[in-house]
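Peer 1: The lines below spell out each chain.
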Amino acid sequence: MAGGMKMYGKHRFPGRLFVVEGIDGSGKSTQLMLLQKWLESEGYVASFSEWNSSPLVRDVTKRGKKKMMLTPMTFSLIHATDFADRTEHDIIPPLKAGAVVLADRYIYTAFARDVVRGVSRKWVRELYAFAVKPTVAFYFRTPLDVAMKRILGGRDAIKYYEAGMDLGFSEDIEESFRVFQSRIIDEYEKMVEEFGLVVIDATQSIEEQQTQVRDIVTKALEGTKRTRIRRWLDLASLAKDSRT
Amino acid sequence: MARFSFFGEGLPDIDLEELKGKLIVLEGTDGVGRSTHISLLKQWLENHGHAVLDTGMTRSALAGKRLKQAKEGHTLGGITMSLFYATDFADRLENEIIPALRAGFVVLTDRYIYSLMVRAIVRGADPEWMREVYGFALKPDAIFYLRLQIDDLVTRVLQSSGFDYWESGMDMHMGEDMYESFVRYQKWLLAEFDKMVDEYGFEVIDASPGIEEVFERLRTRVMQVVEQNGR
Numbered sequence: 001m002a003g004g005m006k007m008y009g010k011h012r013f014p015g016r017l018f019v020v021e022g023i024d025g026s027g028k029s030t031q032l033m034l035l036q037k038w039l040e041s042e043g044y045v046a047s048f049s050e051w052n053s054s055p056l057v058r059d060v061t062k063r064g065k066k067k068m069m070l071t072p073m074t075f076s077l078i079h080a081t082d083f084a085d086r087t088e089h090d091i092i093p094p095l096k097a098g099a100v101v102l103a104d105r106y107i108y109t110a111f112a113r114d115v116v117r118g119v120s121r122k123w124v125r126e127l128y129a130f131a132v133k134p135t136v137a138f139y140f141r142t143p144l145d146v147a148m149k150r151i152l153g154g155r156d157a158i159k160y161y162e163a164g165m166d167l168g169f170s171e172d173i174e175e176s177f178r179v180f181q182s183r184i185i186d187e188y189e190k191m192v193e194e195f196g197l198v199v200i201d202a203t204q205s206i207e208e209q210q211t212q213v214r215d216i217v218t219k220a221l222e223g224t225k226r227t228r229i230r231r232w233l234d235l236a237s238l239a240k241d242s243r244t
Numbered sequence: 001m002a003r004f005s006f007f008g009e010g011l012p013d014i015d016l017e018e019l020k021g022k023l024i025v026l027e028g029t030d031g032v033g034r035s036t037h038i039s040l041l042k043q044w045l046e047n048h049g050h051a052v053l054d055t056g057m058t059r060s061a062l063a064g065k066r067l068k069q070a071k072e073g074h075t076l077g078g079i080t081m082s083l084f085y086a087t088d089f090a091d092r093l094e095n096e097i098i099p100a101l102r103a104g105f106v107v108l109t110d111r112y113i114y115s116l117m118v119r120a121i122v123r124g125a126d127p128e129w130m131r132e133v134y135g136f137a138l139k140p141d142a143i144f145y146l147r148l149q150i151d152d153l154v155t156r157v158l159q160s161s162g163f164d165y166w167e168s169g170m171d172m173h174m175g176e177d178m179y180e181s182f183v184r185y186q187k188w189l190l191a192e193f194d195k196m197v198d199e200y201g202f203e204v205i206d207a208s209p210g211i212e213e214v215f216e217r218l219r220t221r222v223m224q225v226v227e228q229n230g231r
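Chains F and H are the protein sequences, given in the same order. Position one of the first sequence corresponds to residue 1 (my numbering), numbered consecutively onward. Position one of the second sequence corresponds to residue 1 (my numbering), numbered consecutively onward.
Treat the hints as calculated values from the structure; they're not laboratory data. Nothing false has been slipped in among the hints.
Result set (EDC-like, lysine to aspartate or glutamate): computed pairs, CA atoms no more than 20 Å apart in a straight line:
| hint | chain 1 | residue 1 | chain 2 | residue 2 |
| --- | --- | --- | --- | --- |
| 1 | F | Lys6 | H | Glu132 |
| 2 | H | Lys71 | F | Asp59 |
| 3 | F | Lys133 | F | Glu193 |
Whenever a hint applies, use it, and build me the whole structure from the sequences.
Peer 2: Set out below in structure tokens:
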């Protein structure tokens, strides 16, 4: 940390940071994956960052969840620790090098779920003061029913903390999940203005959403480095040329 | 009115009215004899009929073990380490310290948020930020700051375990060898602790006399704190 700690919004890096936010089942991860493919095809170096990266911190989080040892406060702090590790390892170095960094969930996820758990709104914002301010933060706005259908249709059982079971909304995990997520949505909606989140209507088709995302990203990319490494398709065509 | 309060934005779901015990902190750099005095105080208080919980840093059930490993591997960055310590502290505060205070125990803690903040600050964390983060901590009833000048500190450390990688600040490349690094690092810590004396109301105790003399002073003051009602 030579040079001291910079606070939110004070970082000036040549790279770009794009983040996606939204409740489970909003389709944000799909959109980010499509964005990454496109960026790479355009020749940008796009690195990816997600929650729970460092093995040491991950072990604590996993164990705490499994044994239900986490309180709202330790839940908040262990995730902030993990996020700090992401920031110091996966986010700042590539941004310094001029790369594009993509993050699936960012500080807004923590703000939403920690506040719903009863942690002070002001305190959790201070806690994350070290974060890099994103170039663009997309919020995939989804009605709860749409998200619920996507989740219940496709994936494994909902987990204890994901459903906010620690908050005692309901004995029924699906009902608890519903109440918890609807409160998370309320928090996201309050943050749209506070942080200037860019809202994407996640009830549109995947293609429509991706087009809107790419338009916004294109504008924000002006002046960003592209790699000289060619994709294998280019290399293959080069090889062909040299043979003739 | 509740006897206890938080420094800033407190913990959710804690009724401060329920906390009846006393929270007493021993602070100071490495080698000032904190743990010796804690165990002496514990025995002595128990002999006088007080139930005592003694606790210290990096001992939480949640994060203690991994935090030690992280320290040994030194692969985590400064902000990450600061928050890892804060997590460990929060777990101990909620699961050990607060329940003991609720039950009317005297809680003796070997270091508190002050050491955690000082160590984070010398590693580049923003002091104002650290203060906000530790806003969830309870204000103690008393903070005894055992203070040794750097020369005495060097002598003590040489007499006991010798220079340790972390206590010499070797992770920050402050000197060519352990001794040089230790002196610079500990001087810096002392300067940061000294800045906190007034702000947090530390009671400074000169740790240079023999153990008996220092303990005598501590014991008198601790008894006053334990026996006084309200604050």
